[in-house]
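Below, each chain spelled out in residue letters.
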Amino acid sequence: MNVREYEITIGPTGEVELHIDGIKGKGCLEVVKLFESLVGEVREVRHTSSFYEPDDDVVIRNQQHH
Amino acid sequence: MSAVAVFAPIVIASWPALGAAVASAATSLGFSIVDQAVTNANQSQNTDSVQRVDLEIPGSEVVLETLGRDQRIRLVRDGVEALFARDARGRASVCVTGEGYSEEILRQVGEELSGRMVQHYVLQKLKSELDSRGMNLVEETVGEDQSIRLRVRHWQN
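Order-wise, the sequence lines are chains U and P.
Its first residue numbered 1, the first sequence is counted upward by one per residue in this note's numbering.
Its first residue numbered 67, the second sequence is counted upward by one per residue in this note's numbering.
By construction, these hints were calculated from the structure, which means they are not laboratory data.
Some hints could be false.
With a cut-off of at most 27 Å between alpha-carbon atoms, the simulated DSS-like pairs for lysine-lysine come out as follows [what the hints assert, rightly or not]:
hint, chain 1, residue 1, chain 2, residue 2
1, U, Lys26, P, Lys193
2, P, Lys193, U, Lys33
3, U, Lys26, P, Lys191
4, P, Lys193, U, Lys24
5, P, Lys191, U, Lys33
A quick note: this is a predicted structure, and the numbers were derived from the prediction, not measured.
Isolated chain P (complex conformation):
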């Protein structure tokens, strides 16, 4: 062993790349992706008991590719809705709402979802970039704490 390095991720992504990471995170946490049109039609009438938590995803920047496209993804699980979007400053954000849920629970859900989204973004980026540099992924495992471990081999002359 020669060294161990620790990195804090920075997410600079186009919306499609971010959307793919959100979809992977949703699957890993048991959320379903909801069609935006269906959600708008079924908006809850009673908003008084619906808690709402807004979280910004630190170190993120969503690169605009095409103006005017709908850059939002709505997820649902057990009465909790999470809406990923690009905020006015270009950062990725998530808004979590749920009737009958406390603010603390919704914040936990939002933090878990956004963390997992960053994890899957990093995973997808590393796999693609390392492959393009001729490095071979020889093992991929998921630990009990949901961390993802990759073993990569690189042959050099």
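Isolated chain U (complex conformation):
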């Protein structure tokens, strides 16, 4: 079982900043889409390096042919 953690800051004028933790790759985009449907328009998305790591369920095979 995986745990995902979100930190949500709702500013005094209602703008929302969402910090997504523990999710790599497209799973992250799914969370952004969910919050877009709940809150409103996406103003900005900043990805950290782990965003570009492959999803946990993706297996990369590196085969060498001689």
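For chain U, the structure is supplied; the task is to place chain P on it using the hints.
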């Protein structure tokens, strides 16, 4: 950390949901909700010195559920009155009046109130929607700048 996203809120709400957000905003800013009938009876006779500022709440739409119901909420604090209502175009608006207050001060009060109303609307909506998706609220704190921070945990198979 995987990503940080920033959202501009859109308020599409029924009047009861909006009213609940206005009530929470009023409490957080020290306003009292006034009975409409009492206010009408005590309307000020001297309106010359009463400044008035009308503000529309951007990105808002008040969904009508029942026609003919009184869809206004009046708040008071220190001689300032703020009237939240649904305008003719269906947007939420606030009219702020106060005898002896400048237009600038009343505008600041109106902007603070409407901002806080949107904040509480978003808070209530997120809490309810995240709960319905099986996400657990593990912490809720209010910062010095009055921002509200939620920490949410989601267990997935």
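Hints, one by one, checked against the model:
1. Lys26(U) - Lys193(P): 24 Å, holds
2. Lys193(P) - Lys33(U): 17 Å, holds
3. Lys26(U) - Lys191(P): 25 Å, holds
4. Lys193(P) - Lys24(U): 24 Å, holds
5. Lys191(P) - Lys33(U): Holds. Lys191(P) to Lys33(U) sits at ~16 Å (cutoff 27 Å).
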